[in-house]
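In the working numbering, the protein residues as written are 650 to 951.
Possibly wrong hints are sitting among the right ones.
Stated by the list, open to error - Cβ pair distances, simulated, as ranges:
(1) Thr687 x Met896: 49 to 57 Å
(2) Leu655 x Ser683: 38 to 46 Å
(3) Thr687 x Pro923: 43 to 51 Å
Treat the hints as calculated values from the structure; they're not laboratory data. In this text the structure is predicted, and so the values were computed from the model without any measurement. All C-beta atoms in this analysis are idealised placements derived from N, C-alpha and C, irrespective of residue type, glycine included.
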Amino acid sequence: MWSERLSFALDRLPYVYAAALALAFAALLLSWRSEGLTLLDGIQWTLSLWVVCVFGTCVAHDLIHRPTAMDRAFGHMLGGLVGYPFLGYEHLRHHRLAGRTAEAEWPAYEESLWRFASRRLRRIVVETVGTRGLAWHGDLRSPTARGLRLSLVTTASLGMAFGAMGGWIGLAVFGLLGVLVAFTIQLVTYMQHWGLGEDCLPDARRLEWAWEDDCRFQGWITLNLSLHQSHHATPALAYYRVGLSRMSPRLPAGYVLLMFAALIPPLWRRIMIPARAFWIAQPAAAPSAGRRVTCVAIYRAQ
Numbered sequence: 650m651w652s653e654r655l656s657f658a659l660d661r662l663p664y665v666y667a668a669a670l671a672l673a674f675a676a677l678l679l680s681w682r683s684e685g686l687t688l689l690d691g692i693q694w695t696l697s698l699w700v701v702c703v704f705g706t707c708v709a710h711d712l713i714h715r716p717t718a719m720d721r722a723f724g725h726m727l728g729g730l731v732g733y734p735f736l737g738y739e740h741l742r743h744h745r746l747a748g749r750t751a752e753a754e755w756p757a758y759e760e761s762l763w764r765f766a767s768r769r770l771r772r773i774v775v776e777t778v779g780t781r782g783l784a785w786h787g788d789l790r791s792p793t794a795r796g797l798r799l800s801l802v803t804t805a806s807l808g809m810a811f812g813a814m815g816g817w818i819g820l821a822v823f824g825l826l827g828v829l830v831a832f833t834i835q836l837v838t839y840m841q842h843w844g845l846g847e848d849c850l851p852d853a854r855r856l857e858w859a860w861e862d863d864c865r866f867q868g869w870i871t872l873n874l875s876l877h878q879s880h881h882a883t884p885a886l887a888y889y890r891v892g893l894s895r896m897s898p899r900l901p902a903g904y905v906l907l908m909f910a911a912l913i914p915p916l917w918r919r920i921m922i923p924a925r926a927f928w929i930a931q932p933a934a935a936p937s938a939g940r941r942v943t944c945v946a947i948y949r950a951q
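Given the sequences, and given the hints that come with them, work out the whole structure.
Written as structure tokens, this is what we have:
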């Protein structure tokens, strides 16, 4: 059990991260204004910020699921700050349409990462900022519509600041950063739910199947997002209280290794088809790649 004092500190950790990120952005933009920004600098900063902002989406995700309106508003703002203003809308939709492959919330069994990502992003953009999108026509009383607008305003404001301080290179950095973060979110969703949708599992909508991985370090830096079956079962549970689900399918390796595998569909299927078959045949066996800090272990399903 977590002590009350430690729980209090862990509950506020996402706010510490958000404040540190905002201050880091401010310091970075001021340095661009005083020292200038070359094309090489822009490339380096894009790659660095990509990593930082991807982890920022994990923090935003935690806040979006919290019970108070203030926490959720900060989650939407943080989603906008990391360059992906659709995060809140997309993720709440993901829970509402759990298991559904036709709506591009779970990838289909035969679907590659590239097709899933393009299909899902296209649907999200149309539903949010299309001609009939929620951003323009959503009810003012809707928390989802308000959160989306708050995220969009945050993203637009930061984008203008990047352009003002870094010129066209700064604006390009921000635009490319948004594209990379958006794609990475689809990549993670693909890893978490491939082969577990209603196209191949009849109970997918009810049980909201998701792949889990038990690497400690990965759990620490993603606020236990990698314990994803448990998250779908109890989405409002504090991140530090989430544990492995007993019958969940287990990834054969950590996120870092599988991210690269997912980019190459034949390699992904070679790794994941045996792991999926093993889980379906022996759901209670729950093999582990290793609950260790390095997160580079791998198991091979027999």
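How the hints compare with the structure:
For the pair Thr687 and Met896, the supplied restraint of 49 to 57 Å holds, since their beta-carbon distance comes to about 53 Å. The supplied range of 38 to 46 Å is met by Leu655 and Ser683, whose beta-carbon atoms lie about 41 Å from each other. Hint check: Thr687 to Pro923, Cβ distance near 47 Å, so the stated range 43 to 51 Å holds.
Violated hints are absent here; each numbered hint is respected by the structure.
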